[in-house]
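S.K.: The residues making up each chain are set out below.
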Amino acid sequence: MDLNLTQEYVDFRAEVESFLEAHKDLAPNRNDRSVRSEKRLAWQQILLANGFAARTHPKQYGGYGAEPDALKSRIIAEAFSRAKMPGGISGQGINMLVPTLLELGTQEQKDTYIKPTLEGTMVWCQGYSEPGAGSDLAAVKTSAVVDGEDWVINGQKIWTSTAQFADMMFCLVRTEPDAKKHQGISYILIDMKTPGIEVRPLMTMTGYAEFNEVFFTDVRVPLHSMVGKRGEGWMVANATLTHERGMLGDPDAALSRLNSIADIMKQEQLNGRSLMENDIYRDRLVQLQGEAYAMKMNGMRLTTLASQKKSSGMAGLLVKLQGCELNHQMAELAIDVMGEYGILYEDSPFARDRGMWQTHYMFDLGLIIGGGSAQIQKNIISERGLGMPREPKPTTPAAQKAN
Amino acid sequence: MDLNLTQEYVDFRAEVESFLEAHKDLAPNRNDRSVRSEKRLAWQQILLANGFAARTHPKQYGGYGAEPDALKSRIIAEAFSRAKMPGGISGQGINMLVPTLLELGTQEQKDTYIKPTLEGTMVWCQGYSEPGAGSDLAAVKTSAVVDGEDWVINGQKIWTSTAQFADMMFCLVRTEPDAKKHQGISYILIDMKTPGIEVRPLMTMTGYAEFNEVFFTDVRVPLHSMVGKRGEGWMVANATLTHERGMLGDPDAALSRLNSIADIMKQEQLNGRSLMENDIYRDRLVQLQGEAYAMKMNGMRLTTLASQKKSSGMAGLLVKLQGCELNHQMAELAIDVMGEYGILYEDSPFARDRGMWQTHYMFDLGLIIGGGSAQIQKNIISERGLGMPREPKPTTPAAQKAN
Amino acid sequence: MHFGLNEDQTMLQDSVGRYLEGASELALVRKFVDGDPALAADLQNGLMDLGVPFVLMPAEQGGLGMGVLEAALIQEALGRNVSPSPFTAAYGMAVMALRTCGDSDWLGRIASGEVVLGVGATEAIGGREGAGLTLSGDKVSGRASFVMGAEAATHFLLTTGEQLLIVERSSAGIEEVALTTIDKTRHVVNLDLDGAAAHLLAGNNHGEAQSKMIDTGRVLLAADTLGAATMMLEKAVAYSKDREQFNRPIGSFQAVKHMCAEMAAKLEPCRSLVWYAAYAQDNVPEEAGLTSRLAKSHVSEIGKFVARTSTEVHGGMGFTDLLGLHYWFKRIGANRQLLGGPQAVREEAAQLQGWVA
Amino acid sequence: MHFGLNEDQTMLQDSVGRYLEGASELALVRKFVDGDPALAADLQNGLMDLGVPFVLMPAEQGGLGMGVLEAALIQEALGRNVSPSPFTAAYGMAVMALRTCGDSDWLGRIASGEVVLGVGATEAIGGREGAGLTLSGDKVSGRASFVMGAEAATHFLLTTGEQLLIVERSSAGIEEVALTTIDKTRHVVNLDLDGAAAHLLAGNNHGEAQSKMIDTGRVLLAADTLGAATMMLEKAVAYSKDREQFNRPIGSFQAVKHMCAEMAAKLEPCRSLVWYAAYAQDNVPEEAGLTSRLAKSHVSEIGKFVARTSTEVHGGMGFTDLLGLHYWFKRIGANRQLLGGPQAVREEAAQLQGWVA
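Protein chains in written order, with numbering that gives the first Met the number 0: chain D, 0 to 402; chain X, 0 to 402; chain V, 0 to 356; chain L, 0 to 356.
Extracted from the complex, chain D is given alone in its bound form (with noise of 0.2 Å):
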């Protein structure tokens, strides 16, 4: 346990900063979130050239080519945290696609996709749930058919959040539909500007469309879209699925979050006493601070095991399930030491930040549900954490023809 950083790394959280106070002109405002503007990508540029993106990708796409190193990568994240600049471009071209193709790509589409993607010039989004298709995703019904050169596809996607400014979409489709589940499907690259696709936005719960469902009819792609075999890509997805679970909950955001609860708390009165005041709101805001520094901590453990190239265990395994619920539960209390102000919306007048809490406490149930749900996430706890036994199959005739 040592928590200083040695000479090496003094030394580049120096150069970092030093290069983010000589840049700090060029970089966007962080807020924008407009995925093509120039500044922005002339920012992802400069990124590039000084490996502050895409820093452990190879050269020749592109990358700057380092050595992994965990805690590098953490101490870029905080310098550009504390600078209040955005760091490189991200989202799931750059953090599922490239990693997919530099593992089982061709070297054409190597070539073709990773640089501009990691130029952020290509968008990508993913095409994986469908309606029938959530927890268990392996029940994809999106269907590939070959006729004479192309692929030809029809069927549903859903939760595909970029899809309304995507240039390119990657995909599982079922090409064997009389293969076992897991082993008819394929993992194929789709341009969104194929005709026959169609975007729609879907609204959630929070009142916004944070999400996209994209139909596809009789959609043309050619056969060499393809990563991987035919039927294999279930393990093309799967090689990627776990590099998502670990980009989400990061710890200290959380206690970011809880400071901004307990800003709230001494600002907001009622009958003219500040709520800090009221001992079962602040019993609740340090119940959750306790939660919010043990997740920090595990957060630094896993940047350790991360550098240290050492499996991360249940501390990795936990991260999604723990952290969703910590900031649901923040939300909540957010929102319960507003009282009836904490119900206010939108543009109404008195909201606080547009009802940011409320959009919180769904949007944060959103992702407890979504992305491999509570419940699968306790099933992968137990089983790969602890080595419990699977559920036994059952004995349906359905399942049977299924498995």
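No lab work stands behind these hints: they were computed from the structure.
Check before you lean on any hint, since a few could be wrong.
DSS-like cross-link-like pairs, simulated, lysine-lysine; straight-line CA separation at most 25 Å [claimed, not checked]:
(1) Lys228/D x Lys109/D
(2) Lys265/X x Lys295/X
(3) Lys38/D x Lys83/D
(4) Lys240/V x Lys180/D
(5) Lys140/X x Lys240/L
(6) Lys228/X x Lys109/X
(7) Lys180/X x Lys240/L
(8) Lys192/D x Lys140/D
(9) Lys240/V x Lys140/D
(10) Lys228/D x Lys179/D
(11) Lys228/X x Lys114/X
(12) Lys180/D x Lys228/D
(13) Lys38/D x Lys58/D
(14) Lys114/D x Lys38/D
(15) Lys114/X x Lys71/X
(16) Lys295/X x Lys303/V
(17) Lys192/X x Lys114/X
(18) Lys295/D x Lys303/L
Listed next, with one range per pair, are the computed distances between beta-carbon atoms [unchecked claim]:
(19) Asn237/X x Ser14/V: 39 to 49 Å
(20) Gly312/X x Tyr207/D: 33 to 43 Å
(21) Asp251/D x Asn237/X: 48 to 58 Å
(22) Gly312/X x Arg35/D: 58 to 68 Å
(23) Asp251/D x Ser14/V: 51 to 61 Å
(24) Gly353/L x Gln44/D: 41 to 51 Å
(25) Asp251/D x Glu174/V: 39 to 49 Å
Since we're looking at a predicted model, the values are computed, not measured.
Idealized CB from N, CA, C, for every residue including glycine.
Once you have looked at the hints, place chains X, V and L on chain D.
M.R.: This is chains X, V and L only, laid out in the frame that chain D set:
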């Protein structure tokens, strides 16, 4: 909705009250739990004669022969409780065996067993659970084999709460080892003085031996000791298991326990301040009060449903699950309120009521676990109460053999 | 003794329920939420035809002369169907206040349909943002916040904390600020008053009337949550039987079954609590204040649990707008905070029992 | 930066763990609980042979000169094996106090084995039952309650709230009242003092020493609970794989799997929190007070959840004495209340951050 009593019931209550007033010198101390004290047996005779015990049992077997009337039963219970006088003898013999015999016993069994059981001179214990058959009661292994005119019994029972002073046991044994699991069980009556029976006290986490284990080694009982036919024991036992579920969870008890905690909170002081002044404990107290009120009202609804001979439905199914949990949480609050003094136990100086709240805390957890664990209760609520599907049968070879 | 609904009460709830199931179906609620006020007016007419708005109105004024229990049964049906209706404020709280004050004048104007009252009671519970009213002569000034029943109100019943008064919505000196809450099935507003003409209620027992009005409001919000949560449980069970994952209905997974069992086990006792709290308002005066607070706070907590758990059982579909489950979720969320959040209400319950000064 | 144990720390924990697994096996703990004091003495000797009691003792006094993190690792192993040991008080809290005061005299007497200190710190946290000490000259009177480490103490380190002092156990004017708690693996006593001879600790920073002593004690109790709860989780998982019901290992039922998953998911971050809180005591002074309190309160809450849930997974067997699971259950329960219950400790954490006066 009318919580006032009609004149008939007002009169009945007055009748009960004047009985109690007239007989108060004859009543034993209600905390006297000894089974065969002369005073208790004499009191039971008085209660039987006046219809305050075995009220609805047939006269020919020593009962009072009244029509079932749930409201009168409640009025009796409340009047006895208000007067702090003990009601009739209860226990597994009266509550479980007698209804079983009335429904399924032979004439000889009825004549032999019911009257002395109602009179309290014949005490029973229940031999259902075994170390390997807890939630899965149908997994009983204790065997009974015919040898001449006798069943010869070998095996072990557990959780037999009154075995140390019982005259008789009603017991589930496996008589057809090759039949399917539920079809190989028989229901048998055993004299506890039979050679080969050993009763050992079973100490629990509370430090007290509230239960026993009973071991059978070549115990011989006559062939006619069976209730129902060979292999019908599962059906016989289930006919009365439902009675047991109804016995647990007295909502008035929960509110009176809550009031004891309120008293503790007024009395206990920390740094010279009453703990009732602690906002957090007080809020927890009122939370539990809301739940205790809800459970009390649910109980009153059940009384009305029973008096109308209507099914109690969901309101009945939930009683054990919610009632035990509520009691456990109340004990938890009492312990927290007492701070360090909350861990004092048994004959320790300064211990409140010999650490009664710790005993409650642990024993209530035992009730959550035992007698149909919380998990089993939730299965029942979802399947019987909500009509949700059973879990599919597993396909393991062991399971297939068993089903 | 009979703990449960009698035949008349069952019939009342059934007829209102049957009516709302059709008249307030989700597609129509969506239209209302999107800004088309038709549904609220239609429901108002439909409920008037059934006679139910006058449930608490004394028979002398042409009402049904029933009790808070009957009102709660109606409110439960409204919550169950997330129906836009000013019932809680206009026909529950306001009528209870007027009835207690014996103000036959205003009761008569309500009975004739000429007046519909919104109610602002927040200031009697706990004031934020400088809210609070002062009366000077017959002019009232200050801010009333979270005034309920604004869908249809012609007048507002407000409180200075000590006195109850009515202002006309259109009168001079009233600035109305519409609030947007998560629950768009009902409308609440803030009122900024500057010397608006105030009509004091009759009688000299305004304190008692205010208490009974708030008690009634809280019982009705608990009933509304009970109805909404019951529907969310039913929807979860139905969805879990229908939806398949891993080649089984998800309702056959123990985790899902236990989530539904926990919802049912916690919610069913709330029904008895709401019945009793409502009954106590008219029949057990010494328990009226306590049970109203226990019902409001306990049902709010269980409602939150059911809202979350039902959404989880619905998986991603529960999170989208597609099934509209969130209308129930938000209605329960709004009920929790209106007329005092659970913690504030529990503190009042403790005060009432002398557990704290 | 390295968040985790280094090789020495891992070796330390392994060697103590291996030793205790054998030396403190359940059958021996049962004997101790039944009144045979042998185990405590044996463990004391065994741990002395390993050198670990002197973990916090400065090197100048012949100690190991290590930090609270190392002490916490030892304590975790003690909790894991429900070992009777005065370690928390005698070698954690007392040594930390003496070290902070720079009292080399008493440190030396401890190092020589001549003195073993019990510690009474309750009066500095919150007094009940008229507890509290007053010093008059070199005589101390009053009551010290819940004095820890009474298994082996020759002397007691006590506090008046402002000053730290030591009394000899056998001296005149001390009446000792043995307490029976649910956790019989450790002994606590009350002391009624009537002019007993008191030796003030050296130094004039008793306030600081008292803070650090209590912080250390709380971190160690959190570590003890962490160890005990980890064992309860492991036992639950092992039992669920072994025990069959309905012809399946119960660990294949989703309900049981999810109970175990929840235990693990809540407990594992506690490990990092305890490590950090312990590390902070020696290395991050500005976080020492806060993290000690967060660790004590948070790990207590999670410990309670694990204790209950593991017992549930064990079914009826968990409730009996047969497996002895309750020794862990009760140890966690006692740790929760000693040196301040979770709510009291959280309130201190809030004060420390200026969130309340």
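S.K.: Determine which of the earlier numbered hints do not hold for this structure and return their numbers in increasing order.
M.R.: none
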